[in-house]
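So the chains spell out like this:
Protein chains: 2
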Amino acid sequence: MPDAALQTLCRTLAEQARTAAETLATVTRKAKDAWLFRGADALERRTPEIVAANALDLAGAADLSPAMRDRLKLTPERIKSAAEGMRQVAALPDPVGQVRDGSFRPNGLQVHKVSVPLGVIFFLYESRPNVTVDAAALAVKSGNAVILRGGKEAFHSNTLLHRILAEELASCGLPSHAVQLVSTLDRDAVGLLLKMNEFIDLAIPRGGEGLIRRVAAEATMPVLKHYLGNCHVYVDAAADLDMAERIVVNSKCQRPGVCNAMESLLVHQAAADAFVPRVGQALAARGVQVRGCEITRSYLSSAAEATEADYAAEFCDLILSMKVVPNIETAIAHIRRYGSKHTDAIVTGDLKAARKFVGEVDSAAVVVNASTRFNDGFELGLGAEIGISTDKFHARGPCGLQELTTYKYVVYGDGHLKE
Amino acid sequence: MPDAALQTLCRTLAEQARTAAETLATVTRKAKDAWLFRGADALERRTPEIVAANALDLAGAADLSPAMRDRLKLTPERIKSAAEGMRQVAALPDPVGQVRDGSFRPNGLQVHKVSVPLGVIFFLYESRPNVTVDAAALAVKSGNAVILRGGKEAFHSNTLLHRILAEELASCGLPSHAVQLVSTLDRDAVGLLLKMNEFIDLAIPRGGEGLIRRVAAEATMPVLKHYLGNCHVYVDAAADLDMAERIVVNSKCQRPGVCNAMESLLVHQAAADAFVPRVGQALAARGVQVRGCEITRSYLSSAAEATEADYAAEFCDLILSMKVVPNIETAIAHIRRYGSKHTDAIVTGDLKAARKFVGEVDSAAVVVNASTRFNDGFELGLGAEIGISTDKFHARGPCGLQELTTYKYVVYGDGHLKE
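Going down the list, the sequences are from chains A and B. Count along the first sequence from 1, add 44, and you get the number used in our numbering. Count along the second sequence from 1, add 44, and you get the number used in our numbering.
Just to be clear, a hint being listed does not mean it is correct.
Put simply, identical chains are the same to the list, so a pair is met inside one copy or across any two.
[Unchecked claim] List time: in silico DSS-like cross-link candidates among lysine-lysine, alpha-carbon distance up to 30 Å:
hint	residue 1	residue 2
1	LYS400	LYS462
2	LYS269	LYS239
3	LYS269	LYS157
4	LYS269	LYS124
5	LYS117	LYS462
6	LYS400	LYS269
7	LYS269	LYS396
8	LYS157	LYS396
9	LYS462	LYS196
10	LYS462	LYS396
11	LYS396	LYS117
I should point out that these hints are in silico values taken from the structure, not numbers from a laboratory.
In isolation and in its complexed conformation, chain A is listed as follows (with noise of 0.2 Å):
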């Protein structure tokens, strides 16, 4: 494609997002709602069609790993599912209009500090395409126009699940550009929307590291980033070894390849000779490689050695560092300067030292005697989740529907002036 086309197109795309945001800010909570209900009836209806379009996209990635391709694939059962995030959605309180906090000043002077849209989101994310109705429906329930763009293995079921929800949005009185797709796979189009910072006022990359690094570095506005999480479990000496011995299993195990799972294993020494040999069974049992330090390594005698590279590393697999330390500002210290302050969790009977962790573990989650898997949106209850962020700024942590919002304030005066 021309590149002044390709500029037209994304120009368009983005204007015609702007419109459709500020009609979308003011609309009332029933009619995003209907468009929830009646966009997920429609996918499960037109359930056979999809199936078709998702065929078409996994014939084209026969080259992909079946776990690639696993990703990829749309059944009844996931677009069911996706259905049912949509009405999930519905039944959470509309973000939009809540008032966050007011106040009448000394002159009299009435403030509320209220929620309101962002006004434009760009959403780029990878492979899986059910994604795509997630993000439409956390966008418009909080009253954001998206720019969708999918990955170009998906691109025939994201096309398809696109043009359903699109079709609803004109009869609940919805602006039909509420929900948009970047129709072209032209990369360039990727690095032109982001330079449209006049009319787009968040981009959001879910995906590898790669994508986010890339959006990061050339976005114009600014960006949500979620990059994977070093998230680490530390045994303090005063744990519970059975309670201790289920959490790090459970963060470990339950779903290694996720940003939430731990990557790194702490003990305190006092409680090595006892937990180390049965952690290291229960993990060897569940087909877990250890990388530990030299104490550890005395325990474990299958275990290979750390690295320095190995205390950093995010493995989503079933790998883990590990390491022995003399006291509980050590493992601080290691998680400060090897985390990536996601998750971290202790695991601990001592009250001093669950308040000491908490204090200065700067984390997005700081967990005490709970598996750092609970870091998500559904389980720390905010209901959906666009992603979980890893910046500071603006949102930490899972993001929902609020986090999806900013606010405005609104000051009613009886013609007050300023002295």
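Put chain B on the given structure of chain A with help from the hints.
Positioned in the frame of chain A, the structure of chain B alone reads:
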């Protein structure tokens, strides 16, 4: 300074700030407030020294305009006022540790969302040396380490103000690098620091548009921007015209050079006959030059013709663009097209018009029947402010202590595992 030495200097600053921030995040309010009071006392006690250092800056700034020299000047009264500002910050609640939200999840997991400092703030500012004191006070009270970079005109003043405040840190048990000043005027230092996002969490440029654009373009960390405002007052058909005149005059003339002053006046055509001549007279009496549409000029013979550029302009001066509009929809469309989403006001007695304006105007502050000048941190109840954000992401409008924090999730379980 050779590049390697400058790189080392900047990296040292940034690393020291990071280390200080780790400590500062967990110090008590008592220690922070003690520093605010001791710092205030030291400023007052050392007033002669400060005035002498400031005299060196003034001597070197002979070529500046009288207005700029006035901004640069530190008098005993201004030093006392800066000290009072520190004491006022001490009186504000500590934002760190505030529980923003909290609940038990259905499985018994206890979730708290707790305010924590952002970490390290790089604060860049121009001319007024008392900003050194304000920024240090707000940063430390909110638990953040700050790297200050003032304007070259104020170098002697800033250096001494920083030294006085830094000397009091250790005696209050605070880390001595909690407040640092970039000790070189080399402009490359700014570029180097803006690349150090591993140590610096946020950049805040406060000054002219050129500074803000440069920082936004070069920074690798998030930037809290506060551009100037193109603020509107819309006088509705149902306005009390006495009130409207007072609000227009106050919004424009009370302090014309600041970002929340009115730059553009919109008048409903039904009110034009009665309002435009009288407001024209009131503005002319205060030396305001009007640039208006054709209808405006039919009432005001002295008004110049308004161009597109005038409607988009932030005059920061006694100049006002003015337009008569056929209805509220046109007024809102005009604000959307030309406004800067900073502060926009409606004067009306009509509830429906007020609700429509509040709902559809997407500005940091939307004001009903009061002056635009109320959009600042003190007037809206934030206590003090480090600036007024024109961004929608993270914080919008006035930024006080709360806006200099983020949050973390603190999760307590009893051995909870993810199913």
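Hints, one by one, checked against the model:
1. LYS400 to LYS462: Classified as between: cross-chain Cα gap 25 Å, same-chain 47 Å, threshold 30 Å.
2. LYS269 to LYS239: both (17 Å within a copy, 18 Å between copies)
3. LYS269 to LYS157: both (26 Å within a copy, 20 Å between copies)
4. LYS269 to LYS124: Classified as within; 29 Å inside a copy, 44 Å across copies.
5. LYS117 to LYS462: between (62 Å within a copy, 26 Å between copies)
6. LYS400 to LYS269: within (28 Å within a copy, 35 Å between copies)
7. LYS269 to LYS396: neither (34 Å within a copy, 40 Å between copies)
8. LYS157 to LYS396: between (37 Å within a copy, 20 Å between copies)
9. LYS462 to LYS196: neither (56 Å within a copy, 33 Å between copies)
10. LYS462 to LYS396: between (50 Å within a copy, 26 Å between copies)
11. LYS396 to LYS117: Neither way: LYS396 and LYS117 sit 49 Å apart in one copy and 51 Å across, limit 30 Å.
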